[in-house]
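Each protein sequence line maps, in turn, to chains A and B. In this text, residue positions in the first sequence follow my numbering: the first is 1, and each later residue adds one. In this text, residue positions in the second sequence follow my numbering: the first is 1001, and each later residue adds one.
Hint data in this document are derived by calculation from the structure and do not stem from the laboratory.
Taking lysine to aspartate or glutamate pairs in the DMTMM-like style, the calculated list, with each CA pair at most 25 Å apart, reads:
1. A:161 x B:1042
2. B:1153 x A:165
3. B:1153 x A:170
4. A:152 x B:1030
5. A:145 x B:1049
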Amino acid sequence: MSNQSESPNPTSSSNKITLKTSDNEVFEVEEAVAMKFCTVKQYFDDENNNNVTSGTSTTLIPLPNVESHPLAILITYCKKHLEIKANNADNKKEMEIDMEHYEREFLKNVMPQELTELILAANYLNFKEALDFFCRAVASAIQNKSVEYVRKFFGLESDFKPGEEEKLREEFAWSFEGVDED
Amino acid sequence: MGSISIQKDVCFVPKICPDVLVQILCRLPEKDLIQHKCVSKDWYFLISETCVPIVSANTSLCGLYFHTLALSDDMSRIQSNSSFDAKNFFFAELSKSGDRQVLEYVSLESGSDDIGVVEIDKHAKNLLDCCNGLLLFRKPSTRQYDIFNPTTKESVTIPYSCDSYCDAALTFDPCKSIHFKVICIPNFHLDAPKWLDMFSSETEKWVRHTLHFDPVHIDGSNIIKEFVSLNGMLYWVLASNNLFCIDLNLVSAHAIDLPKIERASLSSSIGVSMGHLCFAQRERSNISIWLLEDNNQADGWILKYSIRLDYLLDCLMVVQFRLLDEIFWFQPYAIHPKSYVIFLGTARSIISWHIKSIQFKLVSKTREGMVVPGSFTPVLTYSRCIVPLKSLGMRNFRSNQL
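Isolated chain A, as found in the complex (with noise of 0.2 Å):
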């Protein structure tokens, strides 16, 4: 996938942060997509402020807690959400179709256990967007679904005495109306 995405400043699209893994990958990515990963950004806002000398293309920015293919794959949707806000500068409805269409496809190729690394690496750099629509996207797969349905979705199992779980049910009666029995 190309990057064609207009930065009005052209001295920050030129520069590059380089980001390194738990598995020891690197990752070139352009300022605009690292400054997206607020932890990249205050480590990187930090770095700046200790050592103002230094030049700022040469930093290396350690990820201990992400691994390589869930950041491939993040750097991925942070492109096309900077591009898809460029293309819309001036219209915020035709963003949203864009990007909702965007997202619809991109959970067509993500897997379950993906997500689950998606969502960890997200919270670890502080993606607020991604982090969003991946919370979003989990919500949305156990509305209105049984309280079994979530378990088995979580792998938890029910750790009430017998008898604990039927009196809360009865005390929480009025939300259990209306539920999908899948």
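Using the hints provided, position chain B relative to the given structure of chain A.
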């Protein structure tokens, strides 16, 4: 949100840390969130203690509670151009009509969110207060107060605090605590000792507190029984044009002057607007909106907005509300807690007014022969609360070793 979906019937790897899980759960509809307390003990506490306060802080205004009254034949003959005596009779009748008023609810939500349907007993005549999703009723027949959550349809009953009936207010802030308080307020006679009774759902007891404050120039009778609780304080307006402020933690009280542009203020409403105490006042030729800054002193009043009444009425005529025939009064009825909206009302209608854009919307209009006695009975704002009243308000699950 059917558009975003992930593959079905998968075992999702359970490695998600609690703060991400909170973000996922907080995006669920309120009903789903409460149901999923039954998933496991961890989820129960995570949802009760973390998600519910977050969701509660973001709930928007759902609707308004107000009363209506069927006019007697004598009253319905009186119009805005009737004689002074006739109007006095009208207001006198209105002021003692409490027993004949009917409780109404109007939803402000768009769409058909089924949880938003609030069932009310139309003949529950004794709605005293409404605070963050809980309602406080008085039940004279059994000498009890009833705390009711219309969303979860739960209720809790507590006895009166003393022999004679007093006004009562309800305070409840689900973002800060799962417990509510009922405050029973006698009229402060100038010479009598001053006290109030406070019930906490945490201790399940009434406690009487003596109040110390300067009694000079305070007329303790309150005309409209409109109470506002905000950040541990309880406020109401006294007949002597003071705002009475009680710190519910220290149980200390003071009164401050209300702000004034013109000498005579005709009618007013207090409420919360964007986290501040808000006082909306109808004056002779203006409607003014004041916010009280944090210091709770009279110099903390800031005039947020003031608009000429004739201009406001002109705007209203343009949107064809045809108000002229029903202008017995025209005044602020209630304040939107989460946006710059004031609810204005006449004898027969409630209108929402978006302050900055000067946009109006008709919220409710009474049937022929009915009035909204909004100048005598407060209009209360309602936002949903999903905190289960009994399990959390009245007993502690953790100590019961759930």
